[in-house]
Amino acid sequence: MNDGDEKQPGRDGADPARRDLLKTLGIGGVGAGLAAVVGGPAVLFVTYPLDHDTVSGGDGFLPVGRSDQFADGVPVKVDVLADRRDAWNRVVQVKVGSAWVLRDGGVLRAYSTVCPHLGCAVDIDDEAHKFKCPCHRSAFTFAGAVEGGPSPRGMDSLEVQETGGLVALRYQRFRQGVAAKEVI
Amino acid sequence: MKALLDWLDERAGIRHLWSELADERIPGGARVRYVFGSVLVFLFLQQVVLGILLATYYSPSATDAWASTAYLNDRVTMGWFLRGLHHHGSSAMVVVTVLHFLQTAIAGAYRRPRELNWLSGLAMGGLVLAFALTGYLLPWDQKGYWATQVATGIMGSVPGGEPLRLLLQGGKEYGNLTLTRFYVLHVFVLPLALFALLGGHLALFRRHGVTPPELPKEELERRADRFFPSQLLLDVLAMAVMSAVLVGLTVSTHGAELYAPAQPASSFVARPEWYFLFLFQLLKFFDGPLQIIATVILPGAAATFLVALPFVDRAPTRSPRARLPLLGGVALLMGGVATLTAMALVEDSKNEKYQAGLEAAHAEATRARELAAAGVLPAGGDAVFENDPQVAARRLFQEHCATCHTLQGAPGGAEAPTFVAWRSRAWYRDLIRNARDPRFFGGAKGHDTMEPYPPEELSDERLTAVVEYLVSLTGAEGGTVDAALVETGRKLFADDLECNNCHEVKPGESADGPNLAGNGSRAWVERVIRDSAAPDLFGKSAGMPKFGKKLSDPDIAALADLITAQRPAAAK
Chain G
1 MNDGDEKQPG RDGADPARRD LLKTLGIGGV GAGLAAVVGG PAVLFVTYPL
51 DHDTVSGGDG FLPVGRSDQF ADGVPVKVDV LADRRDAWNR VVQVKVGSAW
101 VLRDGGVLRA YSTVCPHLGC AVDIDDEAHK FKCPCHRSAF TFAGAVEGGP
151 SPRGMDSLEV QETGGLVALR YQRFRQGVAA KEVI
Chain A
1 MKALLDWLDE RAGIRHLWSE LADERIPGGA RVRYVFGSVL VFLFLQQVVL
51 GILLATYYSP SATDAWASTA YLNDRVTMGW FLRGLHHHGS SAMVVVTVLH
101 FLQTAIAGAY RRPRELNWLS GLAMGGLVLA FALTGYLLPW DQKGYWATQV
151 ATGIMGSVPG GEPLRLLLQG GKEYGNLTLT RFYVLHVFVL PLALFALLGG
201 HLALFRRHGV TPPELPKEEL ERRADRFFPS QLLLDVLAMA VMSAVLVGLT
251 VSTHGAELYA PAQPASSFVA RPEWYFLFLF QLLKFFDGPL QIIATVILPG
301 AAATFLVALP FVDRAPTRSP RARLPLLGGV ALLMGGVATL TAMALVEDSK
351 NEKYQAGLEA AHAEATRARE LAAAGVLPAG GDAVFENDPQ VAARRLFQEH
401 CATCHTLQGA PGGAEAPTFV AWRSRAWYRD LIRNARDPRF FGGAKGHDTM
451 EPYPPEELSD ERLTAVVEYL VSLTGAEGGT VDAALVETGR KLFADDLECN
501 NCHEVKPGES ADGPNLAGNG SRAWVERVIR DSAAPDLFGK SAGMPKFGKK
551 LSDPDIAALA DLITAQRPAA AK
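Residue numbers (the working numbering), protein chains in the order written: chain G, 1 to 184; chain A, 1 to 572.
Same shape as in the complex, but just chain A:
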């Protein structure tokens, strides 16, 4: 071991290098408040490693981004964990950056001769936000897509911002080029810029050292320590706390959320990630021509204040007391950001429309991710919904049924009964009132035997009872029924109205009209699709082809599912 170290030292000077790193003097000794910078370096390096790992599965194109993210998150072993760490890691970087900033401001560490440390730090803070913004779009899910739209929209609204926006998003609209550009920024440009600034920041830090507490020089000297191992141990322990928090967050949220694939035509409840909420809230106060106050003037003023801080600080000592007005400015800034963030959160929590939209978005996300398990068609993320059996069933319906039947959202022919609001109580009522209406059997040849029942012959009250009875014949699928009404209806059906002259209700028995046992149930629908001319169904008068020989069993099942799904949830 020693021989190897000697060999390396002779060639690379590793011992000198190590002592350069390890023996850095810390006047006044190791302190917990010096850990933030190290924790940020740790977080950044961890983000780099995690980003490289995610890139082994991620594909930055509008057609692949969502599907590849869903794949790495939901299929690949530990993908959810690594993506979750990366996601929460970005929030952690924002939080620790703010802590580092506050500790530096309070300690007066920005003062001469450390102005450049301060400025490079501010620039890196900006980069952290740029990382967050560019990374957010990459999954190409609803939230990332719409949140980033808000950001680039703001960019386009400031004077001279439009060309910049077009350049950034690679065209007038979001598409493949937006993703490749954001990807290049996120994984090449920003990391390189951050590494360069970090190098400078650390070199400056080593030149000037920590900003020790205000103690007499001798006292600082007496307590002085070296970076290694005392400060490094504190740093590493702080990193461990950070890591534990991240792992805890990641496990408790089961990683980062992935919303449904971006759908440019949808209206998603767009919200930026929490660390941009204050800007979002600020925009609510400044409408129209005043918007520039929120997008340029206020943020610009804040940035100017921060940049100017080391140059306007003329206080005789570093004591916070001596710098109260400046620290007050910092406090005002942070307080403002915190207040705006809180306001945005509170407003959203009270906004029922937003909450409902969010719930719908979660449900859609869950569905999309389930469907993605079967693989997504190359047409792109949104094509995941093609995997939905209902979509396939609709296509079958269009092909085989729509010539005669009509479905909600799929207008078809009027040669056979409609499936719009199918088997609702209103549907039954209208059917009994006039089965010869084009909505029912009016367009079907040979189905004109059933007489209309106008209100003079059948009062609304009695009709309601008969309908209730018919719904009860469906079985469990018909939903809950009013037992008393059913009984009244049964008597009307059998005695007064003599419906049973044409309609049997005992399974299997046939008469002139279809047997109504189980009418409208899934099994009944499937039988009708297979062979509607069965003696106990529509018999010889049936005009519908026998699909039992034309379609496969799964196709018939899918169609029966689609049709029974047309029954309103609470059939009225």
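Extracted from the complex, chain G is given alone in its bound form:
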């Protein structure tokens, strides 16, 4: 910006330093515009997962069996299957979890098989008439209450529905190792 006046005498009398400044501003302005052409859409593109469900499915009531499969006081382990979406894929009937389902005085109850303590799969002890966790020996009544072992709360009950001879439940996962039942 020093010898500009020798090379390009300002025909309109403009100060060469001022002209260079204008050119620099022009370069900056146009350059910023060029960057924005891609940069603006890029932000929307990359942040798309923040306000869209990219992985979804399995949050409603899912059928797990016919009504006559579940007798009073006899827990039956069922697999919960759901159709899932994972970005561009559609996956049909994948296992999202398991549940113990039984009738208790005619009322249908369902418990997640995930132990509230540390997440092992709770099993059944038919002879003792109890649910038992094989990992840390937490034991639960068929009503889901803790009867021994380290579990901080009873078995996590799941919402269950019976319509038209079919049993359906809403499968959810809960925070482990705490006394309160919190959906995660």
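Derived from the structure by calculation, the hints contain no laboratory data. Errors might be hidden in some of the hints.
Covered stretches of chain G (chain A as the covering partner; in silico rule of three or more C-beta atoms under 8 angstroms from a C-beta of chain A) [as the list claims (entries may be wrong)]:
no., segment
1, 18-27
2, 88-97
Straight-line alpha carbon distances no greater than 20 angstroms define the calculated DMTMM-like cross-link-like pairs of lysine to aspartate or glutamate that follow [stated by the list, open to error]:
no., chain 1, residue 1, chain 2, residue 2
3, A, Lys284, A, Asp348
4, A, Lys445, A, Asp531
5, A, Lys506, A, Asp496
6, A, Lys353, A, Glu273
7, G, Lys23, A, Asp23
8, G, Lys23, A, Asp496
9, G, Lys95, G, Glu147
10, A, Lys172, A, Glu162
11, G, Lys23, A, Glu20
12, A, Lys506, A, Glu487
13, G, Lys23, A, Glu24
14, G, Lys181, G, Glu147
We treat Cβ as the ideally placed atom computed from N, Cα and C, and that holds for glycine.
Guided by the hints, dock chain A onto chain G, whose structure is given.
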């Protein structure tokens, strides 16, 4: 601010670096014709950024590539725009590379001491084409798949090319490895190679400077300017024009086209992208053993000429006049490429078969992309068609109906009427001529009450009228009918032939045979599926199970859609 700059300068020498970049002397001053190189650098960097963005959603596997491309293009916000810019950007790179090449050739900028600038430039031009070729396959759609097949096919046909082809495509056939290899070339190998060559090209350029116009030295000195800001401003303005063109193209075409998923078993009208059309056209002239002329000899001769250009140019000055024969060679080359490209385009525009194939391909692409909205099964891009309700309905048909009924493309039993050419006028004619034919009720128990009507009893002319009347009873779904013929048919039906002894035509009324009001309409078909033994349908003689209690409403609706879709568009 100044303190920060001082701090940085002391450690990184940024002021020296900046003055190295900015104060490059340009003898003769800034010029528009120097912008092409800068525009190419801009385009390349933009392609890199766009490519990285696309890679955040793209998955290079034969099962995922198409579905992920459809997802990023049709679902993700602004995906169509960014992919469109990347797509058109590759065309722009080819165009600007050619412009840069022509300006360099015309200005004689390849001459001593700039031979290496020229050679590295040619190599980069080759890389630009390699980028285009490898990128084209990545969406794994019909066009990319088949266009690339042509290219690798050519590669395999040249002497010694077959092992190279197998290596490139990772096996004898296209598959996952073809995609991963093309992906690695497109996003790692080629960019690294281009960056390296570009670095060398720019270093050489800085060493020798621009090739100024042929003016006296003092004049060049008098007009000399620095790169910054004069030339850079011109460069940036040229980039802005380029960017505007790209955005305009992208918006007007609504991004890059995505064809239907690659189907190796289909016969797609394969065409390379426009910048390879000249080679494609050249191949048409050289068949069989002569093919090598188009694939190796002519391209090889052109490449040799370009590489040799700086070494054979012995003209005393850089003036284009002094170099006419060489520039003539360049003109011949470019003219040949342009002519071949134009010929290919003109031939295709006149080729009705190609145009029809293209139209079908567009329709299939639209359908596939609509179906992809529901997600694609993990089996792969082509599995998108499993989302088609017709596919699901066909599966239902196979399971519940095919034991007795036959559908076009799904041979089944002959215990009940066929749905092949169902409800065409010919179908009606054949049915009336002999309802006891195995195509109709011949295989169904208890449906033998309707007597055959041979031509002696019912002339073709009268039959045509009765059929027209039956079609008119279908309602709007039956299509247009000949009113006069319908009237004749109605009289025959009611009076001469006494069809109404067994068939009612007033909705709801029942007789020995099915009521024909609305026969063949979608609602009628749905009723038959639910309960064909309804008194106004087939009554007690019906042998078909009542699907109203076996299938869900959506399934019955899907089946009714499938069956009514069997009616020929222009029922004859």
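Check your understanding: Going straight from one Cα to the other, do A:Lys284 and A:Asp348 come out at no more than 20 angstroms?
Key -> Roughly 13 angstroms between the alpha carbons, so the hint for A:Lys284 and A:Asp348 holds.
Review point. Would the pair A:Lys353 and A:Glu273 pass a check requiring their Cα atoms to be no farther apart than 20 angstroms?
Key: holds, 19 angstroms
Practice item. Could you grab the alpha-carbon distance between A:Lys506 and A:Asp496 and see if it respects the 20 angstroms cut-off? Key: The hint holds at about 19 angstroms.
Review point. CA of G:Lys23 to CA of A:Asp496, is that 20 angstroms or under?
Key: It is violated: about 96 angstroms lies between the C-alpha atoms, which goes past 20 angstroms.
**Study point:** Three-residue Cβ test at 8 angstroms for the coverage of the segment 18-27 of chain G by chain A
**Key:** holds (count 5)
Point to revise | G:Lys23 paired with A:Glu20 [C-alpha distance capped at 20 angstroms] | key: holds, 19 angstroms
Review point. Is the Cα-Cα distance between G:Lys181 and G:Glu147 20 angstroms or less?
Key: With Cα atoms ~17 angstroms apart, G:Lys181 and G:Glu147 stay inside 20 angstroms; holds.
Review point. Is the straight-line distance between the alpha-carbon of G:Lys23 and that of A:Asp23 20 angstroms or less?
Key: holds, 15 angstroms
**Study point:** Restraint check for A:Lys506 with A:Glu487, where alpha carbons must lie at most 20 angstroms apart
**Key:** Between A:Lys506 and A:Glu487 the Cα gap is close to 16 angstroms, so the pair holds against 20 angstroms.
Exercise for review: Mind checking the alpha carbons of G:Lys23 and A:Glu24 for me, to see if they're no more than 20 angstroms apart?
Suggested key: holds, 16 angstroms
Review point. Are three or more residues of the segment 88-97 of chain G within 8 angstroms, CB to CB, of chain A?
Key: With 5 residues closer than 8 angstroms to chain A, the segment 88-97 of chain G meets the three-residue bar; holds.
Review point. Is A:Lys172 close enough to A:Glu162, meaning Cα to Cα at most 20 angstroms?
Key: holds, 10 angstroms
The earlier numbered hints that this structure contradicts are 8, 9.
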